[in-house]
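Taken in sequence, the protein lines are chains A and B. The first sequence begins at 1 in full-length UniProt numbering and counts up by one. The second sequence begins at 1 in full-length UniProt numbering and counts up by one.
These aren't lab readings, by the way, just hints derived from the structure by calculation. Just so we're clear, the structure is a prediction, and the values are computed from it rather than from any experiment. Mixed in with the good hints, there may be bad ones.
Claimed, not checked - In silico contact screen, one side only, chain B against chain A (beta carbon under 7 Å); selected entries: (1) ILE84; (2) GLU157; (3) GLU160; (4) MET161; (5) ILE163; (6) THR166; (7) TRP175; (8) LEU176; (9) GLY179; (10) ILE180; (11) ARG183; (12) VAL290.
What the hints assert, rightly or not - As a list, the in silico EDC-like pairs of lysine to aspartate or glutamate whose alpha-carbon atoms are at most 16 Å apart: (13) LYS252(A) - GLU225(A); (14) LYS279(A) - GLU261(A); (15) LYS201(A) - GLU53(A); (16) LYS171(B) - ASP159(A); (17) LYS171(A) - ASP159(B).
Said to hold, decoys possible - Pairwise CB distance ranges, derived in the manner of DEER restraints: (18) ASP355(A) - ALA345(B): 50 to 56 Å; (19) ASP159(B) - GLU362(A): 41 to 47 Å; (20) ALA345(B) - GLN37(A): 36 to 42 Å; (21) ILE76(B) - ASP355(A): 32 to 38 Å.
Each residue gets a CB set at the ideal place from its N, CA and C atoms; glycine is no exception.
There are 2 protein chains.
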Amino acid sequence: MSYTLDRADLADLARGAALLGTGGGGDPYIGRLLVDQALKETGRTITVLDPAELDDDMFVIPTAQMGAPTVMVEKIPRGDEAVIALRTLERHLGRRADATMPIECGGINSMIPLLVAAHTGLPVVDADGMGRAFPELQMETFSVYGVPGSPLAIGGENDEMVIIDTGHDNKRMEWLARGITIRMGGVAHIAEYSMTGADVKRTAVPNTLTLGLRIGRALRTARAEHRDPIAALAATMADTLYNKVRVLFRGKVVDVERRTEAGFARGNATLEAFDGDGKLELTFQNEHLVARVNGEVRCVVPDLICVLDIDTAEPITTEGLRYGQRAVVVGISTPDLMRSPEALAVFGPRAFGLDVEFRPVEELVPE
Amino acid sequence: MSYTLDRADLADLARGAALLGTGGGGDPYIGRLLVDQALKETGRTITVLDPAELDDDMFVIPTAQMGAPTVMVEKIPRGDEAVIALRTLERHLGRRADATMPIECGGINSMIPLLVAAHTGLPVVDADGMGRAFPELQMETFSVYGVPGSPLAIGGENDEMVIIDTGHDNKRMEWLARGITIRMGGVAHIAEYSMTGADVKRTAVPNTLTLGLRIGRALRTARAEHRDPIAALAATMADTLYNKVRVLFRGKVVDVERRTEAGFARGNATLEAFDGDGKLELTFQNEHLVARVNGEVRCVVPDLICVLDIDTAEPITTEGLRYGQRAVVVGISTPDLMRSPEALAVFGPRAFGLDVEFRPVEELVPE
Numbered sequence: 001m002s003y004t005l006d007r008a009d010l011a012d013l014a015r016g017a018a019l020l021g022t023g024g025g026g027d028p029y030i031g032r033l034l035v036d037q038a039l040k041e042t043g044r045t046i047t048v049l050d051p052a053e054l055d056d057d058m059f060v061i062p063t064a065q066m067g068a069p070t071v072m073v074e075k076i077p078r079g080d081e082a083v084i085a086l087r088t089l090e091r092h093l094g095r096r097a098d099a100t101m102p103i104e105c106g107g108i109n110s111m112i113p114l115l116v117a118a119h120t121g122l123p124v125v126d127a128d129g130m131g132r133a134f135p136e137l138q139m140e141t142f143s144v145y146g147v148p149g150s151p152l153a154i155g156g157e158n159d160e161m162v163i164i165d166t167g168h169d170n171k172r173m174e175w176l177a178r179g180i181t182i183r184m185g186g187v188a189h190i191a192e193y194s195m196t197g198a199d200v201k202r203t204a205v206p207n208t209l210t211l212g213l214r215i216g217r218a219l220r221t222a223r224a225e226h227r228d229p230i231a232a233l234a235a236t237m238a239d240t241l242y243n244k245v246r247v248l249f250r251g252k253v254v255d256v257e258r259r260t261e262a263g264f265a266r267g268n269a270t271l272e273a274f275d276g277d278g279k280l281e282l283t284f285q286n287e288h289l290v291a292r293v294n295g296e297v298r299c300v301v302p303d304l305i306c307v308l309d310i311d312t313a314e315p316i317t318t319e320g321l322r323y324g325q326r327a328v329v330v331g332i333s334t335p336d337l338m339r340s341p342e343a344l345a346v347f348g349p350r351a352f353g354l355d356v357e358f359r360p361v362e363e364l365v366p367e
Numbered sequence: 001m002s003y004t005l006d007r008a009d010l011a012d013l014a015r016g017a018a019l020l021g022t023g024g025g026g027d028p029y030i031g032r033l034l035v036d037q038a039l040k041e042t043g044r045t046i047t048v049l050d051p052a053e054l055d056d057d058m059f060v061i062p063t064a065q066m067g068a069p070t071v072m073v074e075k076i077p078r079g080d081e082a083v084i085a086l087r088t089l090e091r092h093l094g095r096r097a098d099a100t101m102p103i104e105c106g107g108i109n110s111m112i113p114l115l116v117a118a119h120t121g122l123p124v125v126d127a128d129g130m131g132r133a134f135p136e137l138q139m140e141t142f143s144v145y146g147v148p149g150s151p152l153a154i155g156g157e158n159d160e161m162v163i164i165d166t167g168h169d170n171k172r173m174e175w176l177a178r179g180i181t182i183r184m185g186g187v188a189h190i191a192e193y194s195m196t197g198a199d200v201k202r203t204a205v206p207n208t209l210t211l212g213l214r215i216g217r218a219l220r221t222a223r224a225e226h227r228d229p230i231a232a233l234a235a236t237m238a239d240t241l242y243n244k245v246r247v248l249f250r251g252k253v254v255d256v257e258r259r260t261e262a263g264f265a266r267g268n269a270t271l272e273a274f275d276g277d278g279k280l281e282l283t284f285q286n287e288h289l290v291a292r293v294n295g296e297v298r299c300v301v302p303d304l305i306c307v308l309d310i311d312t313a314e315p316i317t318t319e320g321l322r323y324g325q326r327a328v329v330v331g332i333s334t335p336d337l338m339r340s341p342e343a344l345a346v347f348g349p350r351a352f353g354l355d356v357e358f359r360p361v362e363e364l365v366p367e
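Looking at chain A on its own, in the form it has when it is part of the complex (with noise of 0.2 Å):
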């Protein structure tokens, strides 16, 4: 079902679209006021579409942010970059898009396609290309099930504008675009994956601005009736695409080893149980990428790894991660969409070089 979203409901679908950002996505503070401001100053409302009710020959330009977290948090965009890039692909191809939608699920991520909602009144399609946030931009439903990522256009704070059409190679597309945003500073604006209603039925994943505006209202609701919010981030998951929800770990953070490197934030990350018996280990590169209790994998992308704030269940970034924050640590299964064969061999552990199997975390930890 096709809504309204407006200025009230920013701060809930942050909070969830940045939780199912599993560590990326870019923080969801900065994402909730460029957008709350854009609203103020058109007066205007968002259209979110129902993926389902999408016509098929529709035209959709979908639109992000990209760059290393660590460096999103102290580079703020200016506000329309991603419409400069979104209007430059527009001319490029000589035809105007209907809508737009997220890439991924994320604080900034879910965020950059309604702030372009509210600088064009274009519609927003409720659905992304990751079902979470991934740190490349072949990393990408759209990616895996056939639509070329290309052309990509890049939009700069200095009204500059790049394109980049590399045919149906997205990860050359990727390492292209991940060079000229080292070189914008380490943050850029881009429109690319442009594709059909057609195409957002058959290799988007669907719904995930609803999900993550439900899960918002689920913490902030829990935390106001004092009830366990991960209680009711569970019971939030129960009917969607992304069933299974297990704790793996509760403790303090005790290590932070971070790098922003090659236009990435990668690092490790430690946790300690309160009772001094037991570790988790977080691998990340951008998101999170596998969690281990003790040396053992408990959960591996592309199923979700939640970082969150042990009393209030706030999701705690990849660059928010700090020393002696008291988290817990939840495994959220993925859409049957995300692990096919050909989506693993696509952000699958083994497309992060890691020595891991994918393993749904529903057989990781049982019941």
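Starting from the structure of chain A, add chain B where the hints point.
Same frame as chain A, now just chain B:
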């Protein structure tokens, strides 16, 4: 005067252009072979247009290779990358080129437009935007005198293409294009500074292809006739815009320190006099920037610093410098167009971070 160039002219032109390239501008041998092969395959000859005879509303798109010369000699082009760049820019602009043109003098970069001509049948304008070679794309007389380099198109060996538009900011265009070049492996092919015939007449260094050809011929003839090639060079330059030729030093290369960094070949070289009494030090970034004899500046960018084989006067490129080479180092004055305050601001010694004032070689080394 416009004229026709054919395969027999290529060796002379490549040699002369490499001399004007002041150590950079790419390897003359590779460039010549590429054009020779293309002319053999297509059966074409190349029409060279005198810039003075261009229609004001003619549309010219210059083409070139960019990258570190140290990489250029190892990563041989497929041959049609610059054509892809040209065609990409034409499509982006919605306008076909009437001619192409070099952006710099150099062993390969005087040849790339000829290669484009051999493939497409376009004529080549006898002029360029540097009057020598420079390492960066904003260092063009086109830029100095107000022609924007953007949009710039890059064509890659995998048929990928990139368009960069930074408006009037040609330095930022260079910065972003260099990022792509590095990610393409250190070498890329570009089309940029599209302009009218009127712009060419106003901003280009004229007749540098012909000058390269004349220099190359003069050196070859002098060798064949056992005359001093340096005297032949000076005689050739006497009636050109580059009419002061000074021998700076004769000696042996005793040290070369060279690194490929940030997409450039940077370094220093030292020559020692044959009697051991005195040395010349060269500093380069792709091209030679300053020559000091016993610590005293004797020639400085944008004047030409040409390292030539002591017997044959064959140009030695910065990436070709080797311990033990016996060389004569020659300084040559550049046209007034390249020594104006606005030109020196863009490609004088300060633009390279050198703490040296520009002084004309004819002042630094009186006859």
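A quick look at each hint next to the structure:
no. : hint                              : result
1   : ILE84                             : 11 Å, violated
2   : GLU157                            : 11 Å, violated
3   : GLU160                            : 4 Å, holds
4   : MET161                            : 5 Å, holds
5   : ILE163                            : 4 Å, holds
6   : THR166                            : 4 Å, holds
7   : TRP175                            : 6 Å, holds
8   : LEU176                            : 5 Å, holds
9   : GLY179                            : 4 Å, holds
10  : ILE180                            : 6 Å, holds
11  : ARG183                            : 4 Å, holds
12  : VAL290                            : 28 Å, violated
13  : LYS252(A) - GLU225(A)             : 25 Å, violated
14  : LYS279(A) - GLU261(A)             : 26 Å, violated
15  : LYS201(A) - GLU53(A)              : 9 Å, holds
16  : LYS171(B) - ASP159(A)             : 14 Å, holds
17  : LYS171(A) - ASP159(B)             : 14 Å, holds
18  : ASP355(A) - ALA345(B): 50 to 56 Å : 54 Å, holds
19  : ASP159(B) - GLU362(A): 41 to 47 Å : 44 Å, holds
20  : ALA345(B) - GLN37(A): 36 to 42 Å  : 40 Å, holds
21  : ILE76(B) - ASP355(A): 32 to 38 Å  : 37 Å, holds
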